[in-house]
Amino acid sequence: MVDLDQAGAEGAPAAKPVPELARDERYARLVQRRSRFAWSLTAVMLAIYFGYILLIAFRRDILARPIGEGVTTLGIPVGLGVILSGIVLTAIYVIRANRVYDPELDSLRKEHGL
Amino acid sequence: MMRFPATRLALMLILFMVPAGLLADALTGQTEQQATNWPAISMFAIFVAATLWITRRAAQRVHSASDFYTAGGGISGFQNGLAIAGDYMSAASFLGISAQIFASGYDGLIYSTGFLVGWPIILFLLAERLRNLGRYTFADVASFRFAQAPVRVFAAISTLAVVIFYLIAQMVGAGQLIKLLFGLDYVYAVVIVGVLMTCYVLFGGMIATTWVQIIKAVLLLGCATFMAIAVLASFGFSPEAMFARAVEVKAGLAADGGASPEDAASAGLSIMGPGGFIKDPISAISFGLALMFGTAGLPHILMRFFTVPDAKEARKSVLWATGWIGYFYILTFVIGFGAITMVASDSSFLAADGSLRGGSNMAAIHLASAIGGDFFLGFVSAVAFATILAVVAGLTLSGASAVSHDIYASIVKSGKADPVGELKVSRRTVPVLAALAIILGIAFEKQNVAFMVSLAFSIAASGNFPVLLMSVFWRGCTTRGVVAGGAIGVSTAVLLTILSPAIWESVMGNASAPFPYSSPTLFSMPLAFLTIWLVSLFDRSGRAAVDKSGYDAQRFRAETGIGATGASAH
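Order-wise, the sequence lines are chains A and B.
Once you know that position 36 of the first sequence is 37 in my numbering, the rest is easy, because the numbers rise by one and skip nothing.
Once you know that position 498 of the second sequence is 486 in my numbering, the rest is easy, because the numbers rise by one and skip nothing.
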């Protein structure tokens, strides 16, 4: 079991030496790509949700507009779509992380014997 | 692990209890006591017996602090996803949101979206890094490279604040609901909830808490699925037919109330679009921020990421949780509209003045009765009680870990506490928290506690979330920065909430509130970020240099999990 010293529970974690892997350029690129991907998805989620909230705040008439002949309004698919988009974005991230980023990191780790 | 028998048990429960119902946490308003509901009580007794049996099994496995706090890190992503859903889908989500839809239609959906969209953010930015950096509490992560004592004191205070406000809302909701559904006295109901949650957490720790949450999630999802299908089936599975009937019912009610035919028609149609729920743009955005980022700062939710073995399972658990929670909110939407069509038009569910019998939060409960009679009503009531138990157990465990791990072990014992002593402190904290919850639950019986859940989200969004995000992602962040920013964020959130209409007018009875908006987060959260940034920027202390020099090692572990606390303590 790893001890809390790793978590700096003793106070100052003085500049710990990081493994050589951290200085591997391929590792740096992987982390950069992965984090750009995660932040992009974050931006998309924020845009969808706050787009929806701003629509409610300023143009609720758009959401109250019926689609087709019946009483169902545009707001229904849009609102449910916000929920579904959250699930879909989550799935996209998990699939990509499992299929692309994890194997790449694993092979780098193996190469460095970690 | 006791995985197999518990899974079998969960399946048995589903078979026997089939559809489950739910409750909401933040029920407010007074409820009248009903006749003692024996079917509900007996079904609830089965649930309690099953969960206590699980607790006994779990108790034999809780040997170490790691077992107690995080089930030894041995929960799978799928199980954790269900448990997160069980931790998060509170009675407020079920009864509260379906009641909101029952009353004003579309507006309830706005709530649901806000409660869901925090999950992707947690996944993209925090879940894996939390697992890689932390061990028992989110303070492990927030204080990773910083001076331990100040950061942990902040994290513990903020955790306890969130836990207490959330607990009060749950306890008051539980008391009102149980009085109503089971015909039990308010005080008994609150005491029963407090005693049961103490048993689960004290003896079974995270293992028992996780299984209570999983069983509750399965029951609740099963129950809501059954209700939604029953509603849709009665309209030939045409949502348009259901909406059309709901509009007709609402228009009819408006006409009965003396509205002109045009007004009645527009009142009917008003349930199909956003209405008066969001009063002004500032409140709308602020509330949206609180829901979205508050979810990413709730300590009892963040704690769940330490129960899985590694970052990959943490990731999977968010996908499962998001899927279940999203599915659940879609069901509540159907249930709310179903209640308009089946409950609002049926005088047997209405009081003489046309309001719902038993209070406004009873829409889903009456719908259960309309669909499945007394038996199903009893079942839904029992699931509602179970829902509250699962949520309060998670909260209590999180509060106890803040006291024992962050304050006792890391500060009082400067990180040198022996695990046995730490576990002992945890266990002693549980009954104290439960007693506090019972006392506060009774004290707030007649208060409007609706603001407490939203306050808990605001605190989480304005304190925990900025602190976590900045400490994980910004090299220049320092101890002084996060402590100052977190403290400012939390205190601003609390202060502005006190000055807002929910407390200033509704609770304190003053005239117009100095802070006119319904949520403080639009102001308190950016203020926290700004303070962290500015204070860190001008921090020239020796500690600041140490803080910054720790960033590379932290980043490496956060990204790779190399060096992370082992999956299992065994």
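No lab work stands behind these hints, which were simulated from the structure alone.
Treat the numbers as computed from the prediction; the structure is a model and nothing was measured.
Heads up, a few of these hints could be off.
As the list claims (entries may be wrong) - Simulated coverage check for chain A against chain B, where a stretch passes if three residues somewhere in it have a Cβ under 8 Å from a Cβ of chain B:
(1) 20 to 31
(2) 77 to 84
(3) 99 to 106
A virtual CB, placed ideally from N, CA and C, is assigned to each residue, including glycine.
_Can you tell me if the stretch 77 to 84 of chain A counts as covered by chain B, using C-beta to C-beta distances under 8 Å and a minimum of three residues?_
That given contact holds, which follows from 5 residues of the stretch 77 to 84 of chain A lying within Cβ reach (below 8 Å) of chain B.
*Would you say the stretch 20 to 31 of chain A counts as covered by chain B, given the rule of at least 3 residues with C-beta under 8 Å?*
holds (count 3)
*Report holds or violated for chain B covering the stretch 99 to 106 of chain A, Cβ cut-off 8 Å, minimum 3 residues.*
holds (count 3)
Checked against the numbered hints given earlier, the structure satisfies every one of them.
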